[in-house]
Amino acid sequence: MYYIPTLIGLTVMVFAILHAGGPYKLIAPYINPRLSGPARQEQIQMLIQKFHLNQPIYVQYFYWLWALLHGNLGYTTTPIFSGPATEALAIFFPNTAVLAIFAGVLMWIIGIPLGTWSAVRKDKPDDVAIRVFSYTLYGMPIYLLAVVLIIIFAVYLKLLPISGVVNPELTVGLSWYVNGISYPTHVLIIDAIIHGDWKLALNAFEHLILPAFTLALAAMAGVINILRASMIEVLDQDYVRFARSKGLPEGVVTKKHARPTAMFPVYTNFAYTVAGMLSGVVVVESVFDYPGIGYWLTQSMLGNDMGGIMAGTLIFGLIFVTTSLALDILFAIKDPRIRLG
Amino acid sequence: MSKEESIVKIRDLRLSYYTRRGVYHALNGVDLDIMRGEVLGVAGESGCGKSTLGLTIMGLLPRNAAIENGEVMVDGFDVVRPLREYFRRSKGKFKPTKNDDVLKKLHKAMMNIRGVKVSMVFQEPMTTLNPVMPVGYQIAEVLLQHNVSLLAKRRLARAKATREDMKAILGYLRGNDMASMMDYIKSRRLEGIEDQVMAYWRRRDLHDLVKEIRILSLCCDAVNPMLRPGLSYAARTNRLPSAPVLRQLVRHELVKEGYRKAAEYLGLLGMPEPEKVVKMYPHELSGGMRQRVVIATAMINNPELVILDEPTSALDVTIQAQILDLLKDLKQETKAAYMFISHDLSLLYQVSDRIAIMYAGKVVEVGPKDSVFKEPKHPYTQMLLEAVPTLEPHELKGIRGEVPDLRNPPKGCMFHPRCPFAMPICREKEPPTVDVGSGHKVACWLYAGGGEKK
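Protein chains in written order, with my numbering: chain W, 5 to 345; chain R, -17 to 436.
Bear in mind the hints are in silico, worked out from the structure with no lab data behind them.
Model, not experiment: these values are computed from the prediction.
For glycine and all other residues, C-beta sits at the position ideal for the given N, C-alpha and C.
Just to be clear, a hint being listed does not mean it is correct.
[What the hints assert, rightly or not] Here are the simulated lysine to aspartate or glutamate pairs, EDC-like style, with alpha carbons at most 16 Å apart:
#1 R:K75 x R:E50
#2 R:K258 x R:D187
#3 R:K261 x W:D339
#4 R:K87 x W:E254
#5 R:K351 x R:E20
#6 R:K310 x R:D335
#7 R:K86 x W:E254
#8 R:K379 x R:E368
#9 R:K90 x W:E254
#10 W:K260 x W:D240
#11 W:K126 x R:D83
#12 R:K80 x W:D131
#13 R:K149 x R:D82
#14 R:K193 x R:E176
#15 W:K260 x W:D339
#16 R:K80 x W:D130
#17 R:K80 x W:D339
#18 R:K142 x R:D187
#19 R:K351 x R:D15
#20 R:K77 x W:D127
#21 R:K77 x R:E50
#22 R:K168 x R:D187
#23 R:K351 x R:D335
#24 R:K142 x R:E176
#25 W:K126 x R:D82
#26 R:K313 x R:D82
#27 R:K193 x R:D177
#28 R:K313 x R:D335
#29 W:K126 x W:E254
#30 W:K128 x R:D83
#31 W:K128 x R:D82
#32 R:K86 x W:D127
#33 W:K162 x W:E210
#34 R:K86 x W:D240
#35 R:K193 x R:E257
[Said to hold, decoys possible] Among the chain R residues that face chain W by a calculated CB cut under 7 Å, a handful are:
#36 L42
#37 T79
#38 R96
#39 L111
#40 Q127
Taking the hints into account, I'd like the entire structure generated from these sequences.
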């Protein structure tokens, strides 16, 4: 039950930093630029009153918390969306979720076989190649990785689109796609499939591949390295030798006997992998112009948009905390040694 | 060939470990035979190559182990041939990674030997079992890999048997008429039921009434008709059917059967409440129970040779005694040969038929246990036996000096720096192995006439 304190600590910290710049920065986006003189001052005073900015900061925090408990996350004004922050979350979160899940699946189905292979073929040329690959990814900032992938696959090979979610020509005149927001789920691929527009769905999928791969590759390096290290350790264990002494095929020995225990460090580290992916999402969505939480949060931060920043922070914190909880449950399922009762 | 007297024949085996700190000559010309059905005790100080010898027979060597010479014939199959050939090919440029490739191929070639003809019990029951698998599955796995037909037959027989069949079988059992029981089972085509019947009949911890009820309830356990062809295919060919979904279903059914067989076998090994134990994980069992599980895994396919690498060293004395009793019982019931590796001489004297004494990677003395213990020939054996504490007070003598550094072992006889009888020739030439009568062999110049030549 340390999840609630974690979230409170996180929001308190962001709230304090956000308010460190004084009230005028926070209300700047709401001031009518055509007003001047006393009218302008009056509006400023009114906004300060309205957002309780004249109160001590802890009182302001409780106002925010009170509103949050009533399902009100405040307002957000960014170039890509203006309105209630809850509505912004409803629009942007599904897109990020699709991107992150796709990236997570890619990371899992590529990273785990590579890590296993690398450990089984320890010190041989293919292992060295995998290690060079994973350490290169490890050392590369994610925006650089994104640009490298764009240059290779979009600019030179021309296989995939550079950025965006869809080719705008395909969306002309669609009733369910207005101002870059699709209905009803707000995820273009799913909506296109719902409306039976397979061509559009395929196009949207092509736009998803590069961002997902960028995110997956950045997160994969950790999985490969950790799995390789723990797998090498486990392969030297007595019970692996005992499994071999039973005359089982090598594939069964590595996959069924060695890997389940070697995966525990990977699961432990998975919370950090998710944290890395969340910060990756912010960068990747900005680079690829992908309308998700990360892109929205970047825009909010550029515009000192209090509602957007707080809502984005809260949702990221919530994802991280939920992942940790899910990991605890996963451990209880996978490791009989920590099962209770 | 399989009617040969020895199950394992080791000739001039030389093995080295290539490490960063140098080349350790772990085995230096081992000659040893293990006869069918005997218990061979292998004794020696730590680091003399006992465990390495056991692992070599299993082909479970680490990647940096180089076979420099010699052969290890396990029932006619030369285990070390690929490794030896690789070492010859490498011409002094031995690479552990390349050796690893050879070992992987060896694993594949030995799949039908390990767990079927030869199996091994390791020293530490705490770490030998996989912590995240139920122990029953770990036992059943061996059957599932090598003996699918037995499992399928057992399942089909239970589906086919009627209550009348079981009553008839119980009648034969009560009359102790095994031959007629087998005839009856054959005539009713219930092969596979005898395995289960006997497992209950021979249990000691159950009351006779419980046994009979359990035997009677072995009938009328219907099989899903969709699985029946798959099961009979498995019973006929000892292989799982290859059709994808059917394969999984049949496998699932046979895993359940494997748990049953595992529980029966553990019951025979004196495990209390085996039906519950098979569903437990290793951390829920005590050391002695785990070692029983390991022994069950090693023995369930009735191998011809079981290598026991210090099976009782990690256990406390009472459990040690129980495990030894168990092994003695198993020895009487099965026809398997045992290679019992230990540094506990009194324990070896209890269990073995023959004893081999190793020193610095060489078998220095081997022979029937009485002749080795009563009339030790090699100076090392003599000194080793003097160092064993006994109930009668006698002066304990240590062996002076220490085990040679195996990176540059002494020339000639390995033992000469510590030997009180060392002669000039001992420093120059390796002693040959001579037979001093009734299969008692010694590798020492004292008996090879080394003194007279010079």
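- Message: Hints numbered earlier in the text: which of these fail when held up against the supplied structure?
- Response: Those not satisfied are hints 13, 17, 18, 22, 26.
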